[in-house]
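*Asks:* In case you want the letters, here they are:
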Amino acid sequence: AQSVTQPDIHITVSEGASLELRCNYSYGATPYLFWYVQSPGQGLQLLLKYFSGDTLVQGIKGFEAEFKRSQSSFNLRKPSVHWSDAAEYFCAVGAYNQGGKLIFGQGTELSVKP
Amino acid sequence: DTAVSQTPKYLVTQMGNDKSIKCEQNLGHDTMYWYKQDSKKFLKIMFSYNNKELIINETVPNRFSPKSPDKAHLNLHINSLELGDSAVYFCASSQGPGHYGYTFGSGTRLTVV
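Here the protein sequences come in this chain order: A and B. Mind the numbering: the first sequence is residues 1 to 114 in my numbering, read in order. Mind the numbering: the second sequence is residues 115 to 227 in my numbering, read in order.
The set of hints was computed from the structure by calculation and includes no laboratory data. Glycine is no exception: its CB is placed at the ideal position from the N, C-alpha and C atoms. Warning: the hint list may mix true and false statements.
To be clear about the criterion: a stretch of chain B counts as covered by chain A if any three or more of its residues have a C-beta under 8 Å from a C-beta of chain A, and this derived list gives those stretches [stated by the list, open to error]:
1. 153-159
2. 162-174
3. 206-212
So that you can see chain A by itself, here it is in the shape it has in the complex (with noise of 0.2 Å):
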């Protein structure tokens, strides 16, 4: 069965320091894959996909992921943190051939320290 994992449940950084979330997936072939982020009391909002093609993809807000096939991961990284970044982050996979239902990964709230 489909299934995305994400093994950190809350990360704390510094402003300013990089950031990178981990994401990992289980899926039988090329999957789609998708970050959002939730901000208290919002919806969530799409930060980068992945469809095919390059494996290091860019989304809002300066973030971006890379796709590893061989280690099932769908990082997502920055390199400077912004306190605005605080947030909640959902890695995603789409769930081939079923009516374009996406199944989630557990979350990662993002705390940032000044």
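Starting from the known structure of chain A, fit chain B onto it as the hints suggest.
*Replies:* Just chain B now, with coordinates in the frame of chain A:
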């Protein structure tokens, strides 16, 4: 102009009541979804409609009934509310069933007391 709007934003109700949550999108998308986010922030799909036709119906109690009067609206009616229904319910839309780039609404926080 909000792309995907849900009403109400907060809903507090007693066990056994019936309530509805409404969702509207003005993006011209064909597909709409309901997701449930539990207290641990885990998101799980409940239903999906494509152009008013139900295409995803996950294992959800039949007390939950979605209705899509047109492709811009997807409502969720819940009968006989239980404590375990307390959660945040998100509506989302996409261009079509094969398009995963959802636009989410801001959510409805349902509290059953």
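*Asks:* All hints are to be evaluated individually against the structure, with a verdict given for each.
*Replies:* Structure-based check of each hint:
1. A stretch counts as covered by a chain when three or more of its residues have a beta carbon under 8 Å from one of that chain; for the region 153-159 of chain B and chain A the count is 6, and the coverage holds.
2. Against chain A, the region 162-174 of chain B contributes 4 residues with a C-beta closer than 8 Å to a partner C-beta. That satisfies the three-residue criterion, and the hint holds.
3. Coverage of the region 206-212 of chain B by chain A holds in this model, with 5 residues showing a Cβ closer than 8 Å to a Cβ of that chain against a need of three.
Every hint, counting from the list given before, is met by this structure.
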